[in-house]
Structure formats: structure tokens, C-alpha cells
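J.: These are the residues of each chain, in order.
Number of protein chains: 2
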Amino acid sequence: MYTFKDLAQKVSQYFAAEVFDGTPHNLYEPIDYTLADGGKRIRPILMLAATDLFGADIETARYGAVGIETFHNFTLLHDDLMDQSPIRRGKPTVYRKWSPNTAILSGDAMNILAWRYFLKTPHPRLHEILQVFEKTSMEICEGQQYDMDFEQRNDVRISEYMEMIRLKTAVLLGCALKIGALYGNATDGDIELIYNFGIKLGLAFQLRDDLLDAYGDVNTFGKQTGTDIRDNKKTYLLIHAIDKASESQRNRLLQLFSTTPENADNKVREVLDIYNDLGIRQDLEYEIADIHNDAIRSLDSISQPDERKNTLREIANMLLNRNV
Amino acid sequence: MYTFKDLAQKVSQYFAAEVFDGTPHNLYEPIDYTLADGGKRIRPILMLAATDLFGADIETARYGAVGIETFHNFTLLHDDLMDQSPIRRGKPTVYRKWSPNTAILSGDAMNILAWRYFLKTPHPRLHEILQVFEKTSMEICEGQQYDMDFEQRNDVRISEYMEMIRLKTAVLLGCALKIGALYGNATDGDIELIYNFGIKLGLAFQLRDDLLDAYGDVNTFGKQTGTDIRDNKKTYLLIHAIDKASESQRNRLLQLFSTTPENADNKVREVLDIYNDLGIRQDLEYEIADIHNDAIRSLDSISQPDERKNTLREIANMLLNRNV
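Sequence order for the protein chains is A and B. 1 is the number of the first residue of the first sequence in the working numbering; add one for each residue after it. 1 is the number of the first residue of the second sequence in the working numbering; add one for each residue after it.
One or more of the hints may lead you astray.
Claimed, not checked - In silico lysine to any residue, SDA-like type, Cα no more than 20 Å apart, as pairs:
(1) 135/A x 32/B
(2) 97/B x 148/A
(3) 120/B x 122/A
(4) 135/A x 121/B
(5) 234/A x 26/B
(6) 135/A x 120/B
(7) 135/B x 29/A
(8) 135/A x 18/B
(9) 135/B x 116/A
(10) 97/B x 101/A
(11) 120/B x 127/A
(12) 97/A x 148/B
(13) 234/B x 245/B
(14) 135/B x 22/A
(15) 120/A x 123/B
Worth flagging that the hints you see were computed from the coordinates, not collected in a lab.
With the hints as constraints, model all of the structure from the sequences given.
T.: As C-alpha cells, this is what we get:
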């Protein structure tokens, strides 16, 4: 069995072996820029862990792992352009460093490149693997569209928000694990369980992100807190607060979330005061714990010896117990 | 054997059976808008013709045909945004009718949707088919990047231009025919021949387009002539003229191609005068005829009875003998 650290090293080696120095340079340099410096690479690590769980050689999943991370980075590249985000992983985003057209085209190429990687490894279940990848890719586009749609709406319901983050974030974790399990030739039942583990992990992870953005310690979380409030982003916290608020609190929240003051410190403080008044933080912490437990129950039910599940358990804890 | 008209009808029926009414609507409506109204649909028709040539049931290629046309329309959608083209097939382009973000995301979804279609039909040679499709998709991105790069350069050579149009236009015709032949389980030799037929057809088609833009009859060609000259586009005509020109003609051409006058009639007339002086039109017509002959030689060499090749011959003539 490989530990998380082993798998992270493997993924690093896999990417170090891939070279993106083709021509035309203006197409390939942004791809190299995006893929070279990493990020957490959680998705390929999950894929390898799943393949390992079911007792197959993790090298079977090598190119699938590179493929899913390449796809993930394509979505970030295009999302950054659509959201006009200037910085990613401490560096200028591609559309800023080059141009919007470069971001569009090199993103398109990375989307295609992901398929190249998946096609590199013949496998008896390759057709299934590709269908899972295709379905997931499409769902992620749907999630991004819902996210953009929600920016224009003031009546988003919690169920709609949960479906949006399922599509935008959770399905790719589920997909990584499911494909890893397919490489490992798991049974249909185990494949469903590991997919559910991934979905729940993804939901809990995203909700944790919402929580940390409002309540995280800037030193451990690594980014400024309150940015969702500053940017008027509709997160679980806001939607739930609006549901639970008195009429005057609701009106005040809607008013605050329609302004973008130069100095937003007072706005952030006032929003957090309302959240605290309503007990929003505790509600969300319970919700995250529920979903996390559901994830762990699915992992527990997989028909493999318990000690083989340590790495996935470790990753789940890592993702969900970042400091608040 | 199916005639061109039969195949065009089949492709129409195939698309009529596909419904793009999913949610979120803001993602799927632009896809429906783009795919519903057609265009010439040459690529799926070529694919079906190739499958038919090798004696297989054209229904085998049904979803591949829908897939390749979906991919082609994805590239047009993103190209229109990158080139800021306001009109496509007489209608506003997606980024104009909706927004740049909608064009990016619905294009991404169409790129993925193309794979969904290819995955719909299991086939003993599906892995090969997908690899041809992936390689071609990547080449088309490279072609588009070269095209954008060339806009910034004044020293593009004919060989570079030919490579650009090979990547941007010709490989997708070659790919359509090659995949059709794979569905038809053709021999490796025949697959290479039909691919070369497609590449040469694509090159001749694009060069014909360059020629018609400068010399076409607006009534038969269907679009305004001289637009490449107005837009300072580097086509075969200009690059070849610069190669062949005297120093004073070259300087004048470069000067004319660095201006965008409100009324460009005089500019167009002066450029055409220089082309005519240098015999550029005749040179290009010879070049097209050469490439066309090369295409036909490849078609002739395919190890199938001559009468089975009538439909592909018909399409080749249709594409290349549009009125000047």
C-alpha cells in the first residue's frame, strides 16, 4: 500500500516526465506554465489511491492520473478567464500573462490533451473509463454555468447551491476515484461506493472552503478571509442565513451583498455579526460533519480489508480537517 | 452506394434526431443554436461516404458523423470569439448574441460532446478512431495558433502558410475520411490513401477560398469579395505576391496591408492590380490544379472498384469547382 506521501511523489514524477515544449510555442508555453508548477494534485492522487486500494499496479493509472489533472487545470484556466481572476497559485493567470485568446486556445488544447493521456493506456475497461470521464467533463461545464447563472439571481435555494457544487467540484473527485477503481477492476458495487465517497468528500471540501473563507485563520488557510463576502459571492453561509433571517436581517444582508465598498472591513464585520446571531457557522459545521460521515460510511462499506483504506482515510481527513 | 444528396439527407436526419434542450439552458441553448442550422456539413458527409466506400453500413458511422460536425462547430464558435467575427451563416455569432463567457463555456461543452458521440458506437477499431480524432483536434488548435501568430508577422513563407492551412483546415477533412474508413475496416494502405485524398482536398479547398475571396463573383460565391484584402489577411495570394514582387511593389503591398481605410474599394483595386501584374491568380490556379490532381490520384489508387468512388469524386468536384 502506498501512503499519501508516496502517491504525491509519484504524481510529481509523472508530471516531471511530461514535456510541453511543442510548436507553436504560443500554444504550448501556457500549457507548460499551467501544468509545471502543480498545485495540490489531489485528483490524480485519489485516482492512484483507488487503483491501489483494489490491488492493481498504480502504473496502470499513470496516464489517467496525468489526464485528469490536465483536464482539471484546463477548467481552472478557462474559469479564471470567465471570472477575470488575476492570480492562480501565486502567479498571474494565463489570460493576464498572455491574452484572453491565448487562454481560450491553450485551454482548448489542454482539454484535448487530457483525452490523449487517457487513450495512452489500453485497458479492458477503457471504454467505461472514457465514458465516466466524458460524463463528468460535461457535468463540470454545467456546474460552471449554474455558478455564473447564480451570480445574477437573489433567490438561489440551498438545494440548488448543493447541486451546483456537486457538479462544479464534487463529481471530478468522484470521477478520479471511480476511474481509479475501474483501472483496479473493482466490482460494480464497490465502484458505486467509492464514487459516493468522492462526491461526499467533494461536497464537504467545498462547504469547508465556504466556512474557511469566512472564519479561517489567514495564517493557516493561506488566503485572506472574508473574500466571498467582499465579492458578494453566494455561498452556503449567505443562502442559509437568508433562509433563516428575520425580515430586517434579510433586507440588510441583501443590501450589504449589493455593495462593493473600497474598504469592506465594516461590511465583512456586519455580515459575520448577522451570521453569528443566526448560528450559521454551527449549522454549516453540522452539515459538513454529516456529509463527512456519509463519505466515511461509503468508504467503510467497500469490500476490501480495512487497513487497505488507510490512505484514502488519511486524504479525507487532510481535506476536511484544515484548521478553522 | 449512396450519392452526395443521399448522404446530405442522412446527416440532416441524424442532427434532427439530436436534441440539445438540457439544463442549464444558458449552456445548452447556444449549442442548439449552433448545431441546429447546419452549414454544409461536408465533414460528416465525407465520413459516411468513406464508410460506404469500403462496404460497411453507414449507420456504423452515424454518431462519429455527428461527433465530427459537433467538434467542427466548437472550433468555429471559439474561432469567432477569438477573431471577433460578428456573423456566422447569416446569424449573430454566439459571443455576440449571448456573451464571450457563454461562447467559451458552450464551446467547451461542444468539444466534450463530440467525444460523447464518438463513444456511443462500440467498434473493434474504436481506440484507433479516438486516437485519430484526438491527434487531429490538437493539430487544429496548432493551426489556429499559427494563424493568430501570422497576423503579427510580415515574413510568413509559403511553406509556413501551407502548413498552417493543412493544420487548420485540411486535417479535419482527412480525419473525417480516415475515421469513415476505419469504421469500414479498410486496410492500412487504403486508410493512408484516403487520408491523403482528404488532406489534398482540404488544401485545394482553402486555396480556392483564398482565390474566390479576391476574384469570386459575389453572386455565386455568396460573400463580399476582397474581404481578405480589406482585413489585411495574409493569404497565399499576398505571400506569393510579396515573394514575386519588385522592391517597389513589395513596399507598396506592405504599406497597403498596414492600413484599414473606411472605404477600401481603392485599396482592393490597387492590390488586385499588383496581383494581376505579377500573374498571381494564374500561379494559384496552377497550384490548386496540382493539388487537386494529387488528391484524385490518391482516390484512384484506393483498392476499391472505380464506380464505388463516384460519390467522393462528386464531392471533390463540388468543393473545387465553385465558380470563380
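J.: All the hints need checking, so say for each whether the structure fits it.
T.: Hints versus structure:
For the suggested pair residue 135/A and residue 32/B, the alpha carbons sit about 19 Å apart, so the restraint of at most 20 Å is met. Of the pairs offered as hints, the one joining residue 97/B and residue 148/A holds, with about 17 Å between alpha carbons and a cut-off of 20 Å not exceeded. Of the supplied pair hints, the one linking residue 120/B and residue 122/A holds, its CA atoms being roughly 18 Å apart against a limit of 20 Å. Between residue 135/A and residue 121/B the alpha-carbon distance is near 16 Å, which keeps this suggested pair within the 20 Å criterion.
A distance of roughly 19 Å separates the Cα atoms of residue 234/A and residue 26/B; the hinted pair therefore holds under the 20 Å criterion. Taking the CA atoms of residue 135/A and residue 120/B, the gap is near 12 Å; set against the 20 Å cutoff, the hint holds. Straight-line distance between C-alpha atoms of residue 135/B and residue 29/A comes to about 19 Å, which keeps the hinted pair within the 20 Å bound. A hinted pair counts as satisfied when its Cα atoms are at most 20 Å apart, and residue 135/A with residue 18/B qualifies at roughly 17 Å.
As the CA atoms of residue 135/B and residue 116/A are separated by approximately 8 Å, the hinted pair is consistent with the 20 Å bound. Among the hinted pairs, residue 97/B with residue 101/A is consistent with the structure: their alpha-carbon atoms are about 19 Å apart, no more than 20 Å. The hinted pair formed by residue 120/B and residue 127/A meets the criterion: a straight-line CA distance of about 10 Å does not exceed 20 Å. For the proposed pair residue 97/A and residue 148/B, the alpha carbon gap of about 17 Å is at most 20 Å, so the pair holds.
Taking the CA atoms of residue 234/B and residue 245/B, the gap is near 15 Å; set against the 20 Å cutoff, the hint holds. Distance restraint check for residue 135/B and residue 22/A: the Cα-Cα separation of roughly 14 Å lies within the 20 Å cut-off, and the hinted pair is therefore satisfied. As the CA atoms of residue 120/A and residue 123/B are separated by approximately 18 Å, the hinted pair is consistent with the 20 Å bound.
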